[in-house]
Amino acid sequence: MRFEEIYRQEWGQVVATLIRLTGDWELAEECAQEAFAAALQRWPKDGVPDRPGAWLTTTARNRAIDWLRREAVGAAKLQQVAALGVEQSDPAYDVPDDRLRLMFTCCHPALAMEARVALTLRTLAGLSTAEIARAFLVPETTMSKRLTRAKQKIQHAGIPYRVPPAHLLPERTPAVLAVLYLLFNEGYSDVVRSQLATEAIRLARLLVQLMPAEPEAAGLLALMLLHDSRRETRLAPDGALVTLDDQDRTSWDRPQITEAVDVLDSALRHGEPGPYQVQAAIAACHATARAAADTDWPQIAALYAQLPQTPVVALNRAVAIGMADGPAVGLHLVDELAAGELTGYHLLPATRADFLRRLNRRTEAATAYREALALAATEAERLYLQKRLQEVSVRS
Amino acid sequence: MKYLLMIAGDESAAAHALDGCDGWTEEMEGRGVVAGGAGLRPPDEATTVRVRDGDLLLTDGPFAETKEQIGGFVLIDCADLDEAIEIASKHPAAGYGTIEIRPVFEPPV
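Going down the list, the protein sequences come from chains A and B. The numbering of the first sequence is UniProt numbering, which starts it at 1 and goes up by one. The numbering of the second sequence is UniProt numbering, which starts it at 1 and goes up by one.
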């Protein structure tokens with residue numbers, strides 16, 4: 001039914017507008033919910049209105065007015081809420097999109113990261129508390145408390161409901177992007193929670209539309225689209241991880257890759273390449289290589305050099321150089337990293353193992369695969385490493 | 001909105017006791033956001049009060065033995081948390097200690 005689609009599209013806008021008008025998050029959500037419930041009753045009979053969003057916002061606003069009348073709040077407040085219609089029809093009225101305000105408020109750095117994520121899902125994406133709780137594997141009551149606490153902090157601590165002023169944008173925008181990327185990764189790493197990845201992409205599209213001058217937003221959208229285009233091929237039927245080398249490239253979502261590359265190209269034209277654009281460029285190198293052997297590894301290594309040099313980035317860069325210049329070079333670079341901060345990170349022994357396997361040093365490779373197996377975090381990774389371990393063990 | 005800025009530092013903060021506030025007080029009073037405040041004598045001169053079952057219990061020292069101790073406080077009155085963060089971040093103590101921003105309880109309107 002089209003209703004579900006309209007709900008996903010319009011929920012954030014209705015809630016965002018109602019929060020601006022009433023200043024009351026709980027009331028805003030309740031009125032939005034009632035408006036959607038009313039739509040579910042009316043639309044099958046009367047047909048879907050031309051502008052469903054406007055219909056829903058007006059209905060929700062009227063519910064809010066009723067409620068505020070019953071509560072006998074001040075006349076000024078009521079007038080403010082009732083004035084909504086006028087404001088929307090006046091093209092000169094320069095309101096930044098309410099959803100952008102909502103996004104920045106939900107992602108305010110004074111809130112804990114988990115609260116930011118949950119609040120964004122609830123208020124912008126319209127996921128129910130039960131759905132969010134399920135996605136984060138916590139009881140519904142826990143999630144409900146977390147959401148209530150976050151909304152109370154916004155109200156009581158005076159977290160402003162607005163897009164931050166220009167001088168704060170550079171430090172606040174990364175928080176919004178981080179929440180969306182975290183959301184995406186939660187969904188991407190787990191088949192059961194793939195809905196979160198879809199929501200993250202949808203919200204990133206919205207963000208790009210609302211902040212066209214922010215190339216990192218576009219970079220993040222491109223990055224997520226590129227990862228997502230490979231979603232179907234990254235697990236084998238038995239649930240084991242399939243690495244890029246071995247994925248079935250004909251099953252990658254080509255239209256999505258084309259879209260991502262376009263989004264990235266227009267972002268890069270701003271001439272401000274940040275970490276998301278660089279990571280998207282790396283993902284694009286992989287996505288546009290016709291076969292694994294055609295991958296432009298020197299380019300990928302050069303891109304990794306542009307990222308902040310965390311231990312994980314250094315490891316990835318070592319892999320890229322190793323793929324470009326041969327496994328012996330790669331192994332040497334990885335061994336130089338080994339003493340550092342990556343102790344306990346399963347991809348370190350896994351990478352060593354891979355280079356050793358390519359060098360045909362099977363016994364050492366097997367030892368490294370066993371080391372990686374002991375540290376691997378997910379079942380998919382363990383299954384993959386076991387397969388590799390068997391390969392190097394069989395013939396040795 | 002009213003906020004209490006609780007300015008805390010570890011033992012090294014003592015070295016800054018006589019620093020003054022580098023014009024912070026003047027600027028914030030000029031903006032009209034300061035509603036009160038003071039620097040505090042060190043925690044070893046503190047006395048903690050509890051009344052339990054009608055008995056007055058006095059303890060020498062602060063209520064909690066933590067590394068960081070409150071060294072001063074300022075009550076501010078400003079638009080929202082973003083402004084409170086801006087005010088707190090300009091305080092010199094933010095550079096060596098920590099500042100907790102606590103909204104002051106306000107009865108529901």
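Careful: at least some of the hints might be erroneous.
Part of the chain B face toward chain A, derived, beta carbon under 7 Å [claimed, not checked]:
no., residue
1, M1
2, D19
3, L81
4, E100
5, P103
Far from chain A, by Cβ distances over 12 Å, these chain B residues were calculated [unchecked claim]:
no., residue
6, K2
7, A8
8, S12
9, G20
10, E26
11, E29
12, A46
13, T47
14, L56
15, I70
16, A84
17, I85
18, G97
19, F105
Treat the hints as calculated values from the structure; they're not laboratory data. The beta carbon of each residue, even a glycine, is placed where N, CA and C say it ideally should be.
Going through the hints against the structure:
no. : hint : in the structure
1   : M1   : holds, 4 Å
2   : D19  : violated, 27 Å
3   : L81  : holds, 5 Å
4   : E100 : violated, 12 Å
5   : P103 : holds, 5 Å
6   : K2   : violated, 9 Å
7   : A8   : holds, 18 Å
8   : S12  : holds, 26 Å
9   : G20  : holds, 27 Å
10  : E26  : holds, 22 Å
11  : E29  : holds, 21 Å
12  : A46  : holds, 27 Å
13  : T47  : holds, 31 Å
14  : L56  : holds, 33 Å
15  : I70  : holds, 19 Å
16  : A84  : violated, 7 Å
17  : I85  : violated, 7 Å
18  : G97  : holds, 19 Å
19  : F105 : violated, 8 Å
Hints 2, 4, 6, 16, 17 and 19 from the earlier list are contradicted by this structure; the remaining hints agree with it.
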